[in-house]
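J.: Next come the chains, spelled out residue by residue.
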Amino acid sequence: MAEATAVNYLNATRGWKSWLLTLDHKRIAILYMAAIAVFFFVGGVLAMLIRLELLHPGRDLVGADTYNKLFTLHGAIMIFLFIIPGVPAILGNFLLPLMLGARDVAFPRLNLASWYIFMLGSLFALYSIVAGAADTGWTFYTPYSTQTDTSVISMTLGAFILGFSSIFTGLNFIVTIHKLRLPGMTWYRMPLFVWSMYATAIIQVLATPVLGITLLLLVIERVAGIGIFDPAMGGDPVLYQHFFWFYSHPAVYIMILPGMGIVSELITAHAHKKIFGYKAVAYSSLGIAFVSFLVWGHHMFVSGQSELAAMLFSFLTFFVGIPSGIKVFNWVTTLYRGSIKLTTPMLYALSFLFLFSIGGFTGIMLGALAVDVHVHDTYFIVAHFHYVMMGGTVIAFLGGLHHWWPKMFGRMYNEPWAKVACALIFVGFNVTFGSQFLLGLHGMPRRYYNYLDQYQPLHAFSTFGSWILGAGFVIMAIYLIHSLARGRRAGSNPWRALTLEWETPSPPPTENFPFTPSLAHGPYDYDRVIPVNVEPGGRAVRPEVVS
Amino acid sequence: MSMAKERMEAPGAAGHGHPKHLAHHFSDPAQQKDSAKLGMWIFLLTEVLLFGGLFCAYAVYRAWNPEIFHNGHAFLNTTRGTVNTLVLITSSLTVALAIRFLQMDNRRAAAANLAATLALAGTFLVIKYFEYAHKFHEGQLPGKFYTFQGMEGTNPHVFFSVYFLMTGLHGIHVLVGMGVITWVLARTLRNHFSAEYYTPVELTGLYWHLVDLIWIFLFPLFYLVG
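Residue numbers (the working numbering), protein chains in the order written: chain L, 2 to 548; chain E, 43 to 268.
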């Protein structure tokens with residue numbers, strides 16, 4: 002029973018206070034996970050309701066006004082409460098210090114504070130649901146957002162507060178990566194997940210304050226009527242769009258870059274292959290972060306910005322394809338002649354390659370002015386960003402969740418059921434959103450409550466897909482929760498991976514490593530190192546370097 | 043069980059002979075100080091971008107309404123603005139002196155300079171209060187609250203909207219700064235700082251210089267724009 006009594010971060014101290022006042026980055030990650038899981042559930046239920054309403058033209062379930070609130074809340078909750086904090090706050094918080102061989106993040110108290118700020122912001126956002134729910138869409142475009150009598154203020158104030166949480170997490174990560182790396186861990190010996198977290202953190206720090214001031218201006222405009230976005234008073238609503246997208250386009254990369262980092266880890270660990278082109282993958286993360294600040298105008302091709310600006314933004318948008326393409330090609334090349342194991346994390350990684358490529362290519366199509374003007378504000382856009390955000394980030398997140406689940410909780414999930422859930426999610430996702438590309442090309446506008454009969458078959462097909470998708474998530478929730486109590490105990494390194502977090506026991510002790518960690522090899526040296534898995538209760542063994 | 047104990051103790055070697063202010067996850071004070079300073083610089087970057095949005099709004103509305111900005115600046119009190127600029131620049135000097143005195147282990151002088159910084163920040167806000175009070179009285183207010191009749195040009199309130207937004211956000215930063223300076227002053231008086239450890243004061247100084255610097259941009263943009 003040695004393993005049952007082993008002290009780890011989960012059982013080192015007990016009681017709710019030891020959790021709510023914890024400074025341990027691993028526990029803070031679990032706090033985030035609990036909160037974000039609830040928000041993901043709420044956002045998911047809203048999505049199912051939206052799809053159910055769209056099963057037939059006209060009223061199925063809710064009225065038009067309620068429908069407007071449903072898609073606004075679905076968007077705002079999924080963006081601000083799930084996908085932006087998701088990977089950095091859960092997996093990033095848990096893994097960053099472990100991967101760097103550090104004891105904690107640079108500012109543990111700030112880390113806990115950012116969780117409380119996150120919870121405060123989400124209370125504001127959720128309060129808007131009971132207080133009449135905003136119906137502006139998650140973009141809060143003026144002038145409608147300054148005129149509607151729904152609760153825009155609490156929702157935007159919520160997003161404003163959530164921004165601080167995001168900034169503090171990013172700040173913490175940048176300093177941690179700069180200052181707390183293990184001796185000998187040079188920049189080029191860091192796992193690629195860390196590189197992607199670094200690129201993400203830079204965007205969080207540079208872009209989020211602009212959203213902050215934008216939402217603040219919106220709130221002041223609503224409360225005091227200063228007219229800064231009101232053309233009748235000499236203001237400019239298009240300025241709001243510029244401000245909003247100056248944050249919200251880079252924010253798209255806050256969402257996708259962590260997913261890319263996860264995929265780099267999954268593909269190398271489950272194919273046991275050195276990453277192809279380490280530096281290219283690492284720098285392409287920074288490249289995406291850089292380009293992300295130069296393309297916001299592609300959301301505004303029909304807003305009346307100058308033709309010259311539109312052409313420049315269109316041209317710059319194509320540049321995003323270069324670093325993204327570099328990554329995809331490198332991942333595929335890494336798989337070549339690897340010893341690929343089709344574990345659940347690998348299945349998610351392969352799904353990511355497929356779905357993200359579709360999302361990326363349709364993004365290039367939308368970057369072209371003529372195509373964008375044609376399909377602007379149709380379901381084509383909806384399908385495109387769901388392929389990138391859900392097919393990309395969420396799929397990668399789920400892969401990462403399964404990959405690091407044994408590290409976080411010391412237990413294996415049920416592999417057969419996990420594969421069933423993965424298959425359902427993959428099929429359900431493509432049924433739901435693949436059909437929306439066609440809807441969009443046929444002219445179905447986004448955010449519409451009602452539609453012509455000709456769109457009904459595709460809408461119904463999409464709604465069926467959402468049920469398959471939902472079933473996949475329900476199964477996943479059941480076997481993951483079940484595994485917490487009943488799962489087979491995992492050794493230190495069930496995947497035989499080489500990044501540093503797999504050298505410490507699962508779950509790790511509070512101080513992260515039971516020995517002073519040292520670097521004997523790089524994160525992907527599968528060609529010369531044989532990783533070892535220490536069974537629960539076994540004594541720590543370092544991996545063997547064979548050449 | 044014994045192994046578990048080993049695990050608890052092995053790397054947590056902090057404790058013996060370590061300075062009290064060194065957090066357990068740093069290996070030495072230099073690393074801790076470097077981390078804190080880098081964190082502060084990144085925070086200041088986010089502040090620049092926060093104000094950046096408003097500077098951008100300023101640029102847009104001034105480009106569209108140059109005559110309003112020209113006419114509007116005449117209603118600002120340049121004397122009070124100049125005095126406030128000098129007050130803030132002096133406060134930047136005193137906070138820098140406080141840090142220098144701590145480096146030389148002179149806590150009394152450091153505390154005196156922090157108190158002077160606090161007083162200067164208060165002076166700035168008092169002068170600002172009189173400026174604001176005058177504008178409220180005249181009805182030179184943002185947006186729909188604008189009732190002043192004596193200014194020419196269309197949409198004259200735009201100038202005061204931008205003026206109150208930018209100086210208001212700056213004023214909030216001065217207030218926050220005063221709170222933080224009070225806190226480090228109290229800690230200085232309780233002998234928390236020495237030549238070995240004065241990071242919080244240094245970080246406060248960095249923040250205060252930024253608040254000062256933003257005002258140095260605001261002053262010409264509003265008061266001297268004509």
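In short, the hints are calculated from the structure, not lab data.
Ideal placement from N, C-alpha and C gives every residue a C-beta, glycine not left out.
The reader is advised that the hints may include incorrect statements.
Unchecked claim - These stretches of chain E come out as covered by chain L in the derived footprint (C-beta under 8 Å, 3 or more residues):
1) 96-108
2) 191-203
What the hints assert, rightly or not - Listed next, the in silico DSSO-like pairs over lysine-lysine satisfying Cα-Cα at most 27 Å (straight line):
3) L:K180 - E:K186
4) L:K280 - L:K342
5) L:K342 - L:K274
6) E:K177 - L:K180
7) E:K75 - E:K62
8) E:K170 - L:K180
9) E:K62 - L:K18
10) L:K180 - L:K18
11) L:K420 - L:K342
12) E:K62 - E:K79
13) L:K280 - L:K420
14) L:K275 - L:K342
Stated by the list, open to error - Partial list, derived from the structure: chain L residues whose beta carbon lies under 8 Å from chain E:
15) I80
16) G213
17) P232
18) V432
J.: Hints numbered earlier in the text: which of these fail when held up against the supplied structure?
T.: Hint check: 3, 6, 8, 10, 13, 15, 17, 18 fail, others pass.
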